[in-house]
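Student: Below are the chains, spelled out letter by letter.
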Amino acid sequence: MIVELGHFALVLALGVSLVQMAVPAIGAHRREAPLMRVAEPAALLQFALVALAFAALTYAFVVSDFSVKLVYDNSHSAKPLIYKVSGVWGNHEGSMVLWVLILALFGALVALFGNNLPDTLRARVLAVQASIAVAFLLFILFTSNPFLRLDPAPFEGQGLNPILQDRALAFHPPWLYAGYVGFSMTFSFAVAALIEGRVDASWARWVRPWTLAAWLSLTIGIAMGSWWAYYTLGWGGFWFWDPVENASLMPWIAGTALLHSAIVAEKRGALKSWTILLAILAFSLSLLGTFLVRSGVLTSVHAFAVDPARGSFILGILIVFVGGSLALYAWRAPMLKTGGLFAPLSRESALLMNNMLLSAAVASVFVGTLYPLLLDGLTGMKITVGPPFFNYTFVPIFVPLLCLVPLGPLLGWKRADVKAAAERLLAAAGLALVACLATFAVAHDGPWLAPFGMALAVWLVAGAASEIAWRIKLFSTPLAESLGRARRLPRAAWGTALAHGGLGIAVAGIVGVTAWRAELITSLAPGESAEIAGYTLTLEQVGLRDGPNYEATVGVVRVARDGRELGTLLPEKRRFPAERQEKTEAAIRTNGFADLYVVLGERAGDGKWVLRAYHNNLAPWIWIGGAIMALGGAMSLMDRRLRVGAPTGARARLAPAPAE
Amino acid sequence: MTRKQRRAAFIVVALGILGLAVGLVLYAMSDSIVYFYSPSDVVERGVEPGERIRLGGLVEQDSLQDLGDATVRFNVTDFVETFTVTYRGVLPDLFREGQGVITEGAFDEAGGFTADNVLAKHDEYYMPPEVADALKKSGNWQGEGADKSHSETYGQGSYP
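So the sequences go chain by chain: A and B. Here the first sequence stands for residues 1 to 660, where the numbers follow the numbering used here. Here the second sequence stands for residues 1001 to 1160, where the numbers follow the numbering used here.
Calculated directly from the structure, the hints in this document are not laboratory data. Among the hints, a few may not be true.
Claimed, not checked - Calculated pairs, SDA-like style, for lysine to any residue (alpha carbon to alpha carbon, straight line, at most 25 angstroms):
(1) A:Lys608 x B:Gln1065
(2) A:Lys608 x B:Leu1018
(3) A:Lys267 x B:Thr1002
(4) A:Lys419 x B:Asp1116
(5) A:Lys473 x A:Gly412
(6) A:Lys608 x B:Thr1114
(7) A:Lys608 x B:Thr1086
(8) A:Lys419 x B:Val1012
(9) A:Lys337 x B:Ile1011
(10) A:Lys337 x B:Arg1003
(11) A:Lys337 x B:Asp1116
(12) A:Lys419 x B:Thr1114
(13) A:Lys267 x B:Phe1010
(14) A:Lys267 x A:Leu437
(15) A:Lys608 x B:Ala1014
(16) B:Lys1004 x A:Leu411
(17) B:Lys1004 x A:Asn354
(18) B:Lys1004 x A:Ala343
(19) A:Lys337 x B:Ala1008
(20) B:Lys1004 x A:Ala333
(21) A:Lys414 x B:Arg1006
(22) A:Lys608 x B:Arg1003
(23) A:Lys608 x B:Val1012
(24) A:Lys608 x B:Ser1063
(25) A:Lys267 x A:Ile319
(26) A:Lys414 x B:Asp1116
(27) A:Lys414 x B:Glu1097
(28) A:Lys414 x B:Val1012
(29) A:Lys414 x B:Ala1014
(30) B:Lys1004 x A:Leu336
(31) A:Lys473 x A:Met635
(32) A:Lys473 x A:Arg415
(33) A:Lys337 x B:Gln1065
(34) A:Lys414 x B:Ala1008
(35) A:Lys267 x B:Glu1097
(36) A:Lys337 x B:Leu1020
(37) A:Lys337 x B:Phe1010
(38) B:Lys1004 x A:Lys473
(39) B:Lys1004 x A:Arg332
Between the sequences and the hints, there should be enough to build the whole structure, so can you do that?
Tutor: Shown next, in the form of structure tokens:
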């Protein structure tokens, strides 16, 4: 019953979305307030209905109602509760419902807090948002209905893929989706602005927090996914340039560009039409990511069931939204008034440079991800574009960008004094040089690029610190005054410094793991030892352990260094009888600077066990850096100036006349 | 600087970055792409020793041997041609005899294939599309495996 209610709610949500798509748009066109006012209650109702459907589905999973096909396929009564819940989105159908739920939530937020937006803009934004909901609700109801029943109901479910039964992965999809769907908001704003034919400061001020929120969620989602891959896939890598990883990286880079260009659009009124284009591209890349992951065109760890109908449906959605919005852009963008002149050396130019390099980086990832698909489609040749491709393309584009990062925030708007900015970075440059030499002295047998990588990391962190030091006039005024300034500094400034500094820490981690990783593959009988990076690993014994819904083979590995006992590591191989699958659990010992990473392999013939170990220098910093970047995003989001969203309602409605 | 010159300067920079990106992509394309071969493809098209490729097919039944020192050897077959693959390391959890596998590495002069990466991604329904296509081509395709709907079939070990 509850399940049918959920299905019915989803159908109703489609009906409401159709109304929300059409009526406010007509109202905005005819300037009829009663029609436009339909948008807010419709958005709230749509959210309530989708939430009801999602709750019904969650209920079916929690009570293990195996008469629902989706639950039968993806759940098992012996599964811990957390994985019953995460099983809701651990499959194609449920994850699409989650997608629409987040979409509806964001629409409802605009309806609730958008009072200070101009009426027509708000109506159009919600109408565009509803059109996305219509597309995806149709997709769910016609090709991916999660509420299908089985008759007779099976006694037990098939279980959730063990690999998904993991705490980080349980929450990786919601964050990633919040990011993808967050860009639907900026997309809706961009399309609404194109229909309106004008972009003003209040528009840019609304777009920035949405971009920030989407970027923040995507950062967390990507970091979680990469962390999971690191400790679960059992070979200690953190990023594989897998097409599906790239599918999430592309909107992230485009979103990063959007974040920066929206600043220029808000503060200086320049780069407006470029910002709109980026908003369209960021969401288009999110849709492309959904298409790549959901259509089964990719061979990847995420490839869900291959169903041609679903693939073509999403491709249709992709073509309509991307094609339609780009056509609208081509038609309307020339009408947007450009403003805000700036000199080639100015903060605007620095942000434009950032945008150009980020766009080139997106393009290189795009080519590397889609070229194999295109080639396969055209010629039937199967190729793999792996890490070497991206090392040759993405990295050389990204490095100059990283070099410029500390400079940007120190430049003034309009016309900058580059000499003064450079002087403020003198200390950071000195530290980077010291880091370069120190790295070379300590690790001169590593790759020759590594010292420069570490210098870059120090440059980013010290540059971010220099910016704060300059803003609070550290050392040039009494300490008390500096502290006062630090307290009064807008949160967005702290956010920028944290995000840029976090990037530096992540770079250090990436360089550390890439340049100085030690690897050991050996087979040991119980009692035997092996050495890696100064540690002695002794396989004490191998035993069995019972988990809630699995049996684990556990290796007890004693770790010692210079004769000093450091404890034991317990790498596991888990066997899930319900799903008839195995899963490796690496054991990781970290001291904050390096990870000792041990995986238990197969049993070899002579009573020995294969053991694989890595010593990953600076590995934890990758995710610490990512977390700091996300924290920076959150700080910026809490900035008063953004929270207010737009000027007061009265002023926003007096927004400048359309530019013709 | 006039507005026109300023715009020209930006366009030059933008074109420069675009050119850089295109150049890098073309260079990387020529140098770092790995082709997929089925065992029959290897025989038909030929592969230079040392050239990095992906060799995919089914793991032949009863062909897995343990050579000690964490090294294994197994045969990859599409029922027409068969090659022996040597691999040192931990096999992915989903590696099974009789099921699909992709190995990445190179042939040596003697015709043996040494893999440094073994990718297995299947459950009882699934096999890598490349392998399925190769089997279909060689006429040894059984069942509708690749098209069969199943819940998530995440690969384990290292399927990128």
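Student: Check whether the Cα positions of Lys414 (chain A) and Val1012 (chain B) lie no farther apart than 25 angstroms.
Tutor: holds, 20 angstroms
Student: Is the Cα-Cα distance between Lys1004 (chain B) and Asn354 (chain A) 25 angstroms or less?
Tutor: Between Lys1004 (chain B) and Asn354 (chain A) the Cα gap is close to 22 angstroms, so the pair holds against 25 angstroms.
Student: Between Lys337 (chain A) and Asp1116 (chain B), does the CA-CA distance stay at or below 25 angstroms?
Tutor: Not OK: Lys337 (chain A) and Asp1116 (chain B) at ~57 angstroms, beyond 25 angstroms, violated.
Student: Taking only the CA atoms, is the gap from Lys337 (chain A) to Leu1020 (chain B) under or equal to 25 angstroms?
Tutor: Violated. Lys337 (chain A) to Leu1020 (chain B) sits at ~31 angstroms, over the 25 angstroms cutoff.
Student: Can you confirm whether the C-alpha distance between Lys608 (chain A) and Gln1065 (chain B) stays at or below 25 angstroms?
Tutor: Holds. Lys608 (chain A) to Gln1065 (chain B) sits at ~15 angstroms (cutoff 25 angstroms).
Student: Please work out if Lys414 (chain A) and Ala1008 (chain B) have their alpha carbons no farther apart than 25 angstroms.
Tutor: holds, 18 angstroms
Student: Between Lys1004 (chain B) and Leu336 (chain A), is the straight-line Cα distance small enough, at 25 angstroms or below?
Tutor: holds, 19 angstroms
Student: Can you confirm whether the C-alpha distance between Lys1004 (chain B) and Ala333 (chain A) stays at or below 25 angstroms?
Tutor: Satisfied, since the Cα-Cα distance of roughly 20 angstroms is no more than 25 angstroms.
Student: Given the hinted pair Lys337 (chain A) and Ala1008 (chain B), is their Cα-Cα distance within 25 angstroms?
Tutor: Roughly 20 angstroms between the alpha carbons, so the hint for Lys337 (chain A) and Ala1008 (chain B) holds.
Student: Quick one, are Lys337 (chain A) and Phe1010 (chain B) close enough, alpha carbons at most 25 angstroms?
Tutor: Cα-Cα ~19 angstroms, so holds.
Student: For Lys337 (chain A) and Ile1011 (chain B), compute the direct alpha-carbon distance and say whether it is at most 25 angstroms.
Tutor: Answer holds: Lys337 (chain A) to Ile1011 (chain B) is near 20 angstroms, not above 25 angstroms.
Student: With a cut-off of 25 angstroms on the C-alpha distance, tell me whether Lys267 (chain A) and Glu1097 (chain B) pass.
Tutor: violated, 63 angstroms
When the structure is compared with the earlier hints, violations turn up for hints 2, 4, 11, 12, 14, 15, 22, 23, 25, 26, 27, 33, 35, 36 and 38 and for no others.
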